[in-house]
Amino acid sequence: MKLYQKILLISVCLFGALNLSAQHDQLLKFFDQFQGKEGFTTVYVTPKMFELFSDIETNDKDFNEVSEAISMLKGVRILVLDSVGSLTYNPIKLYNEVSSVAEKINYEELMVVKDGDTDVKFLIREQGKVIEEVLLLVGAAENFVFISLMGKIDLRKLSSLSKSMDIDGLDYLEELEKY
Amino acid sequence: MKVKEVHILMEKYFDGKTSLEEEKRLRDFFSNSAGELPNDLSAYKALFNRNYKNEGMILDEAFTANIWDEIVQNEPKTKVVSFNAVRWIFAAAASFILMLSVYQWYGIKQYEQFMAMHNEQEMTKEEALVATKQALAFVSLKLNEGCRPIKNVGSFYRFQNVIKKSKNEVISKDIIN
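Going down the list, the sequences are from chains A and B. Taking my numbering, the leading residue of the first sequence gets 1, the next gets one more, and so forth. Taking my numbering, the leading residue of the second sequence gets 1001, the next gets one more, and so forth.
There's no promise every hint is true.
Said to hold, decoys possible - Taking CB as the label site, the calculated pair distances span: (1) A/S67 x B/S1095: 46 to 54 Å; (2) B/K1109 x A/F30: 42 to 50 Å; (3) B/K1109 x A/V12: 20 to 28 Å; (4) A/K2 x B/D1060: 38 to 46 Å; (5) A/T118 x B/F1096: 18 to 26 Å; (6) B/S1095 x A/E103: 32 to 40 Å.
Quick caveat, the hints were computed from the structure, so don't treat them as lab data. All C-beta atoms, glycine included, are put in the ideal place defined by N, C-alpha and C.
Construct the entire structure; sequences and hints are all you get.
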C-alpha cells in the first residue's frame, strides 16, 4: 500500500471514530441545553465522581447492595421535567425529540411501553455484545424523564436492584430468559 | 647522449612537451650514468630513476566494478514521481478529512471541559451518590414494569394453541360430515 493511501485510510478511520463520539455528543447537548432552566432538574454524575465512590465508607445497608451495580457505571445523567416545567415545555414533544435523535445515532430500542398516557422507552447503545449505555425516556402529559446510565451494564443486575432496594417492582427479566 | 642534449630535453620535459620516446631516452640516460653526472643533473636522478616495473599494470575487473558500485551508491536517489490528478485528489481528500477531524476533536474537548466545570461546583459526593442510587432504582423499576407484560406472552401462546386446536377439530369434523 502506498503512503498516500495509508494516510487517507488512517484519516478516514480517525474521522469515523470522532464522528461517532460527536454524534453521541448531540444527545448530551440536548441534555445540556436544559441545565439550570426552571422546571427542570438535571444531574450529571461524572466518571470522576464514580472514582470517588469507590472509597466511600458507610453503614447504609442499601449502599452495599447497590455498590455492585454502581461499580459497573461510569456516568449518570438525569433530566426531569416537572409539572411546573410542563406548562412551558411540552413533555411529549421532548420525549419524541430525544427518541428520534437517539434512534438516528447508534441507539437501539430495547422496549417501548405505553401505559395510559405514559410512554416509557428503553434504548441501549452497544459496543460489540456489551451494553455501553442504557437510556430511559419517560413521557407523560405532565412529566418527562431522561436517564442515561453509562458504563458496562448488565441488564439482569439492573433489574434485580429494585428487589434489593425495597422498591415495588418484580423481577420479570428473569422470566424473559425463559422465552 | 650529451649533457647539453639532456638539458634541452629536461627543459622540454618540465614544460610537458616531451614525447614518450624522449622521456624514455632521459630515463635511460639517468639510469645508465651511475657516478658521472654533472652536479646540476644529479638532483634529478631520483626523478627519472624510479622503478617503472609496475608501469604496465592493468587494474583487474573487480576493482573497476567496486569503483562503479561506490559511485552508484553515492548517487542521490532521485525517483521520478509523476504526481498525477488522482494523487492530488487523494491528497486533498485526506487533508480535508484530517482537518475536519481536528476540528471535531477540538469541539469535543471544549465541550467536555465545559461540562466538567459545570459539575464540579454543584454536587458533593453524597448528593451524587443519592442521585445515582435514585436513578438506578428508577431505571430498575421501569425495566421491571416494562417486562411485566412479557410474562403474559407465554400464557397468550398457550391460549392461541388452544384456539388453533379447537379450530382444527371443527374443520376435520366438517370434512367427515
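> Among all the numbered hints in the text so far, which are the ones the structure does not match?
Replying inline: Hints 2, 5 not satisfied by this model.
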